[in-house]
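Full structure from sequences and hints, please.
If you're matching them up, the sequences are chains R and L in order.
151 is the number that my numbering gives to position 151 of the first sequence; each next residue is one higher, with no gaps.
320 is the number that my numbering gives to position 72 of the second sequence; each next residue is one higher, with no gaps.
Just so you know, not all the hints are guaranteed correct.
Okay, the calculated beta carbon distance ranges per label pair [as the list claims (entries may be wrong)]: (1) L:A363 / R:K3: 41 to 47 Å; (2) L:A409 / R:P62: 53 to 59 Å; (3) R:L50 / L:A363: 32 to 38 Å; (4) L:W259 / R:P117: 51 to 57 Å; (5) L:V267 / R:D158: 58 to 64 Å; (6) L:G263 / R:R54: 55 to 61 Å; (7) L:Y530 / R:R54: 48 to 54 Å; (8) L:F313 / R:L95: 40 to 46 Å; (9) R:R203 / L:Y530: 35 to 41 Å; (10) L:W510 / R:Q69: 49 to 55 Å; (11) L:L532 / R:V160: 36 to 42 Å; (12) R:G45 / L:I522: 35 to 41 Å; (13) L:L532 / R:S128: 21 to 27 Å; (14) L:S374 / R:P62: 58 to 64 Å.
To be clear, the hints were calculated from the coordinates, so they are not data collected in a lab.
Note that the Cβ used here is the ideal one computed from N, Cα and C, for glycine as well.
Listed here are the chains, written in short residue letters.
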Amino acid sequence: MEKAEIGYKRPLLPPFDLSVRSGERLAVLGPNGGGKSTLLKSLIGLLPLLSGQRVFPTGRIPRVGYVPQTHRVDSVYPLTSLQVVLQGRYGLIGLGRFPKARDRRAAFEQLEKVGMPETASVLFRSLSGGQRQRILLARALCGEPELLVLDEFTADLDPVASAALLAEVAQLADREKVSVIFVTHEISSAAIYSTEVVMMDARRGVFAAGRSEQLLTAEALSRLYGQRVSLEHRGDRTVVFVESGRPT
Amino acid sequence: MSDSISVSDFWALFGNAIVAALVAAALCGYLGFFVVLRRLAFVSAALGQISGLGVAFGFFIGSYFGMDPHAPTPIYLDPVVLALVLAGIVAAVLGYVSRVERTSPESLVAFAYLAATAVAILILASPRIVQEAHEVGDLLFGNAVAIRREHFVELAAVALAVFCSHAFLFKDFLFVSFDREMAQAVGLPVTKLDLLLHVSIGISVAVATRAIGALPVFGFLVLPAGAALLASDSVRGVLALSIGGAMLAAGGGFYLSFVESWPTGPLMVACAAIYWPLAAVYRLLRRS
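Next up, the structure:
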């Protein structure tokens, strides 16, 4: 994104530049109301830019897989998990064309990859929140995305399930050579699973971007959240403390 | 009625109307799947009124040009064409404004319904179209026992066009209805798909209303699909039950009307209304 202004009718942030490098996992950090979800939607074209432009090095819009924060499950739709996952391939299949056996096979393989093949014929609406997020991740991956966009998609999960799903995403992304951009409030997750970090808030916009190991410092995080933050590294884990002393 | 004419005479008199009602029921039963899923039930009611307004307005304008209501009219004054255009435009607009800030979709649909009804009644009160008032009244309140050949042809043509186009675009319509953002993210033209779906509902409501009346059309759009969604847990099952149920209600309404000499349109709706409690009981039994 070059000199991008994003928002709904009015700019939410000052103009900014942002690049997502191929094969990288980019974490977007910032306080609530800082425009993170709007940034993601603008990045993948769900919202038009108010000014500036989106530039694609390949000359074409990349295939995108998108997982929203929480899917408002409409209990009226009688769709099975496999049918929901298959929707991720509709961009590849094309408008007005019918899914073939190989598309169904690909959808089932994605269900297996997220560890839920047994739910193929189960109604999506009957699944738990965590299971639904896995199905939506499978759907996002089913379209063979070049860019995977995850908007706080583990926010409703318990810490164990959240860490497991993020680890799966990191593995899948590395294996399938997919670029990932994810919004999270879990600094330790960003430290573990991202290779690059963007920091943003409503006042300064996108004010810092760089390699995770360089940017995820106590000083930078204190600047981002306006609170004194300290970090403690335990093995490959990073524990984050705010001023009160409670780990976040 | 049943004592006075034979079945063959009955078929000769009402055969076209029965086939038209079955086609309209199949069309509405299918579109009802999307109408109920997308919470457009009252949009379909408003479109029925708007269709009636289009017809009334066509006759009203025709009277200014000295047109004989029973003679062939130029296409731009044809009440059916006006009804189709008006219903298509309003359906497209109602689909779009639901996403506009500070606009409540329900109040907008209510506005369309009330405005169309009020203006249609005012037009019907005009002394210029006394002859046609009865025909427009039939459209608004339902009269499925008589249908002109040209109305039947219009209905059949629209049903064929809708079924053919939807056969190819069904999966895309369903995806856009279920998750618009993801559909857009994978590159589907969501605005065009929404527009096409709404316009196909609008035009179908207009021709079906012309053929069997607003009340049965509204009933067939909402009742069979709503009951089918209660009774079945698969897309195919819901479609089959909704289309089959609407056609059965249309046929049943005609049969009861023939036997009991009661008004056909309300009987069709009454037949379709039975499905909902039946489906609810079936669901309760299945759970227990």
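Broken hints, by number:
2, 9 and 12
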